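Trainee: Each chain, written out:
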Amino acid sequence: MKLPIYMDNHATTPVDPRVFEAMRPYFTTVFGNSASRNHSFGWEAEEATEKARKQIAAIIGATAKEIVFTSGATESNNLAIKGVAEMYAEKGNHIITAATEHKAVLDTCKRLEKDGIRVTYLAVQQNGLVDLDQLRDAITDKTILITIMYANNEIGVLQPIAEIGKIAKERGVLFHTDATQAVGKVPVDVIKDNVDLLSISAHKMYGPKGVGALYVRRRNPRVQLTAQIDGGGHERGMRSGTLNVPGIVGLGEACALSKAEMPEEIKRMEYLRDKMKDRLLASLDEVYINGTMEHRLPNNLNISFAYVEGESLLMGINDIAVSSGSACTSATLEPSYVLKALGAGDDLAHSSIRFGLGRFNTEEEVDYVTAKVIDVVKKLRELSPLYEMHKEGIDLTKVQWTAH
Amino acid sequence: MAYSNKVLDHYNNPRNVGSMDKADPNVGTGMVGAPECGDVMKLQVKVNPETGVIEDAKFKTFGCGSAIASSSLATEWLRGKTVDEALEIKNTDIVNELSLPPVKIHCSVLAEDAIKAAIGDYKKKTAGRSQAVGVNS
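Each protein sequence line maps, in turn, to chains V and P. Here numbering that gives the first Met the number 0 is used: the first residue of the first sequence is 0, the next is one more, and so on. Here numbering that gives the first Met the number 0 is used: the first residue of the second sequence is 0, the next is one more, and so on.
None of these hints come from the bench; they were simulated from the model. Hints are supplied without guarantee of correctness; some may be wrong.
[Unchecked claim] One side only, chain P facing chain V, incomplete, derived with CB under 7 Å:
#1 Pro34
#2 Cys63
#3 Ile104
None of the values given here were measured: they were computed from a predicted structure. Even for Gly, the Cβ is constructed at its ideal location relative to N, Cα and C.
Using the sequences and the hints given, assemble the complete structure.
Mentor: Listed below in structure tokens is the structure:
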């Protein structure tokens with residue numbers, strides 16, 4: 000076993016060597032511009048991007064013509080949300096999203112608010128899921144878009160996409176989902192789920208960074224977008240710019256591999272994740288899982304170890320790469336807004352660790368990480384005045400703290 | 000973020016971890032911070048009433064590595080100092096000793112507050128005692 004261990008696969012994943020091999024020729028030998036119509040260099044490049052388009056479409060149940068290449072999911076989210084807001088401005092000016100969305104969605108919505116768009120930020124329930132009745136109630140005759148993520152990047156919960164899609168369709172509202180964490184990890188079907196727009200990123204599923212895609216439905220309804228990047232009219236005018244051919248080949252290959260291996264990989268991830276969870280819960284008291292376990296990515300575990308501060312825990316497991324919702328690990332000095340939205344309380348947000356398992360994690364690594372976390376949590380609780388007070392039976396919520 | 004070697008040393012080998020009897024008249028207890036802010040420090044001093052010298056100091060801290068190191072260091076510095084000398088410890092001394100980066104300065108401030116709170120608690124106890132003595136005589 001090699002240290003350090005990477006278990007932060009929601010942040011990014013390594014490029015699968017098979018993906019890398021597929022990309023390799025497109026840097027040096029097959030280097031053409033896929034928009035060049037007059038020679039074989041261009042034709043070969045185009046052939047490669049069109050093959051990738053099919054591979055990407057296949058993993059979400061779409062057709063190749065519905066795939067628009069972008070630089071990543073952040074751009075896809077921007078294009079989907081801003082593109083719809085502009086294109087459908089005459090129809091309405093209201094967008095519905097959720098408080099736990101990624102910043103690429105939330106900050107895009109905030110930008111639109113400055114331009115006169117009205118945005119509803121749905122609260123989530125304690126399990127991390129949006130309340131469908133609240134969603135129904137939020138829709139008005141001015142609503143043009145619902146944008147709700149498929150799987151949360153911190154707590155891994157899977158939103159009720161099929162139900163949201165059904166509601167959106169019934170009410171004649173477009174439905175966009177940021178599926179960055181979901182595609183390649185769980186089955187996604189844009190037809191079954193009535194999804195109109197869907198954001199994809201390559202580097203979250205063992206493809207390269209800097210490339211992604213946006214699914215734009217072409218039929219029933221035909222979704223139109225106002226382009227956000229102007230230029231040569233690539234991607235049916237929706238996203239100009241010479242295609243990143245090697246990146247796109249990598250994204251296509253990543254999709255094909257993930258699709259082929261998904262049933263086995265889901266089982267393996269769930270086994271490892273649950274082994275870790277069960278051991279942590281059996282060995283430590285006052286451990287809380289953030290978000291529902293019922294509807295969740297198979298590779299995600301987000302846990303709060305009460306009375307232990309997240310950054311100090313990360314310091315003790317410094318040969319393991321994971322993330323914490325602690326303010327001390329963030330630039331803003333604010334604990335995770337996702338965990339706060341669950342109503343967990345700031346103290347539990349400060350105590351949280353996100354484990355993101357991946358294709359290259361072994362059972363040996365999972366066992367090592369589990370044992371180490373248990374060890375460090377026990378050590379830090381020996382140091383924790385809060386754990387001592389808890390053991391003495393003091394209700395910490397009743398204590399008068401001197402906030403600073 | 001990279002931690003200084005001194006922070007790492009205090010984190011890995013925290014000094015004077017523990018608790019003393021809060022009810023002991025010679026023990027002063029300070030608890031500062033709040034769980035929702037991500038740091039709580041409990042610092043205790045045991046003072047020799049004859050000499051005014053801090054004979055023992057203990058801490059427990061919920062917080063990041065720099066908060067743990069700041070309070071661990073504070074207990075080291077407190078031992079052997081008189082109560083009045085202890086009040087002269089400044090957060091900037093802790094920042095310098097541990098090479099804390101700007102985002103971690105609040106950890107040192109919290110440690111200084113904890114020292115002041117512990118000494119303050121001890122002084123309150125002794126003030127009560129001398130008053131009681133006065134009443135009796």
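Trainee: Confirm or reject each hint.
Mentor: Comparing the hints with the structure gives:
Interface restraint check: P/Pro34 against chain V, minimum CB-CB distance 4 Å, threshold 7 Å, status holds. Because the smallest distance between the Cβ of P/Cys63 and any Cβ of chain V comes to about 4 Å, under 7 Å, the interface hint for this residue holds. The criterion of a C-beta within 7 Å of any C-beta in chain V is not met by P/Ile104, whose closest approach is roughly 12 Å, and the hint is violated.
Violation of the numbered hints given earlier is confined to hint 3; every other hint is satisfied by the structure.
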